[in-house]
Amino acid sequence: MSVETTKVSGPQEFEKTLDASDRNVASFDTHSRTALESIQHRLHKSPAMVPLIILLLSVILFAIVVGGRFFSPFTLTLILQQVAITGMVGIAQTLVVLTAGIDLSVGAIMVLSSVVMGQFAMHYGVPAPVAVAVGLLVGAICGLINGFLIARVKLPPFIVTLGTWSIYAAINFIYSGNETIRSQDLEATAPLLQFFGGSFKVGGAVFTYGVLLMLIMAAIAWYVLNHTAWGRHVYAVGDDPEAAELSGVRVDRMLLAVYTLTGLICAIAGWALIGRIGSVSPQAGQFENINSITAVVIGGTSLFGGRGSILGTIFGALIVGVFALGLRLWGTDPQWTQLSVGALIIVAVGIDQWIRKISG
Amino acid sequence: MTQQPILTARGLVKRYGRVTALDSADFDLYPGEILAVIGDNGAGKSSLIKAISGAVVPDEGEIRLEGKPIAFKSPMEAREAGIETVYQNLALSPALSIADNMFLGREIRKPGFVGQWLRMLDRPAMEKRAREKLTELGLMTIQNISQAVETLSGGQRQGVAVARAAAFGSKVVIMDEPTAALGVKESRRVLELILDVKKRGLPIVLISHNMPHVFEVADRIHIHRLGRRLAVIDPKQYTMSDAVAFMTGAKAPPEALAA
Chain S
-10 MSVETTKVSG PQEFEKTLDA SDRNVASFDT HSRTALESIQ HRLHKSPAMV
40 PLIILLLSVI LFAIVVGGRF FSPFTLTLIL QQVAITGMVG IAQTLVVLTA
90 GIDLSVGAIM VLSSVVMGQF AMHYGVPAPV AVAVGLLVGA ICGLINGFLI
140 ARVKLPPFIV TLGTWSIYAA INFIYSGNET IRSQDLEATA PLLQFFGGSF
190 KVGGAVFTYG VLLMLIMAAI AWYVLNHTAW GRHVYAVGDD PEAAELSGVR
240 VDRMLLAVYT LTGLICAIAG WALIGRIGSV SPQAGQFENI NSITAVVIGG
290 TSLFGGRGSI LGTIFGALIV GVFALGLRLW GTDPQWTQLS VGALIIVAVG
340 IDQWIRKISG
Chain H
12 MTQQPILTAR GLVKRYGRVT ALDSADFDLY PGEILAVIGD NGAGKSSLIK
62 AISGAVVPDE GEIRLEGKPI AFKSPMEARE AGIETVYQNL ALSPALSIAD
112 NMFLGREIRK PGFVGQWLRM LDRPAMEKRA REKLTELGLM TIQNISQAVE
162 TLSGGQRQGV AVARAAAFGS KVVIMDEPTA ALGVKESRRV LELILDVKKR
212 GLPIVLISHN MPHVFEVADR IHIHRLGRRL AVIDPKQYTM SDAVAFMTGA
262 KAPPEALAA
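As they're listed, the protein sequences go chains S and H.
Mapped onto my numbering, the consecutive letters of the first sequence carry residue numbers -10 to 349.
Mapped onto my numbering, the consecutive letters of the second sequence carry residue numbers 12 to 270.
Hints listed in this document are in silico derivations from the structure and should not be mistaken for laboratory results.
Take the hints with a grain of salt, since some may be wrong.
Unchecked claim - Computed cross-link-like contacts, DSSO-like style, restricted to lysine-lysine with a CA-CA straight-line distance of at most 30 Å: (1) 84/H x 143/S; (2) 209/H x 144/H; (3) 121/H x 34/S; (4) 34/S x 139/H.
Please put together the full structure from these sequences, using the hints given.
Have a look at this one:
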């Protein structure tokens, strides 16, 4: 490497001895690493690696202890169906968490949107596509309100969405009169609302359209985050908002866009939710906010922002799904699922902290 | 000085409530020079620099770039006009790669349909240009331009920030305390980097507390005191203790230099 040794006029006395010393400090050399350090670096580069390994290990574990009943195309695709909704909401949650925020209102937005779709289609007699569009709009507006309070009024995301969680959930119950729209009624009047419940078979594997939707949404989100300027700005905003602003990223506008998009994605998940449960129920999806945060955290996305991936979140949701179904088939108390998910969250955050301590 | 200054400021005033940070301050930067700005804490150095780099809008006064009056409302506008700033905190995103950081806020998109409609980034082009810039400044031997900035040392990060400014700064580069957070060896390398940038014809405004560094690289030294320019001195004709004495008010500068 050739460092240009510019003749600096008269360095200070105490600095003179340094002329003879190594001047390559600002070059990008790598020292040899220990095995542990190279693992740390590899994980740092691909944050979805840890959840992928845990996912594969847990599938192998349950395939051994439960046997063929677990390790069949039918069961494995059943897990996909069970995590589809959490996966979609998790994608939205990932966007928010990457900006160093959090959205506790995602579940409430999802249910409210699905209720709006159901009410419009059944009680106002509007065509199903219009009802769906109104539902999506309501979701986006809920997200926009969150974004406005966070980006413009500068309130902490946790507090804002804790508040709007209650507000949206209450509106949902008041508006729906706590009434469930039955599956048969939907089927007769607005089958479009149940579209994502439809399924097709490939051998023993059963895929619902909801599962496909989740995979497509994940692929789009992955593309946007990794291959567009907007996606890089999501990371930059979560990493260091001040630095992002000075580099020319409009932080306010980014946050507004991210929360609005999150609301829209939750509304799409609300549509898929109708397909999953068949009916429109204001009681459904109560805990999707916690489930989505769990998927995001187990998926290796850092709650401090700027680090993480969509793939990780999908793996995180699948890990929870594998544990839930695996333990059920094994015949254990369902509380063991809760216990193991709790342990996974703590392990995931521990690994994140370790990876963050990386240095050259 | 027979040359025309590239960047001038006249009578800048900036008040924060009852505090006057800038009290009709003047400023001149000539083409191809390194102008150091020194001053005691609270003398208004950073307000002066922020006014020039667009980070604050002065209450009064006029700034001209190449003779044309300018009024920046944000750092973005200053950047578009060709004034790049290396901030003390570097303004880098630690988790993003070197190339992503260099192009943050002005990414290159792929040509044609994928760039226009799918908004796809042209990673190879950005990485190529980032590599070229770093090579020009002698910061090369990067194995991996896609490595995250947080895996670099302090001096390396400074190198990336300087390379970014040099890559896009077409008229002026401002550096705020570039050696403050660095060790002695890394400071040396960054000083060489500053001289490299100067050699490429870009004038530099260097804000620093470090007198040895200032006297080593600066062509002229702007001494800021009590919100205004006290004097501009030639580092070859004055000693560091003179400069410190002027800066702190222990000694008055000769009449001829007073601005």
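Hint by hint, here is what the structure shows:
Restraint check for residue 84/H and residue 143/S: the C-alpha separation of about 21 Å stays at or below 30 Å, so the hint holds. Annotation: proposed proximity of residue 209/H to residue 144/H holds, straight-line Cα distance about 15 Å (limit 30 Å). Proposed proximity of residue 121/H and residue 34/S is supported: the alpha carbons are some 24 Å apart, at most 30 Å. Distance restraint check for residue 34/S and residue 139/H: the Cα-Cα separation of roughly 20 Å lies within the 30 Å cut-off, and the hinted pair is therefore satisfied.
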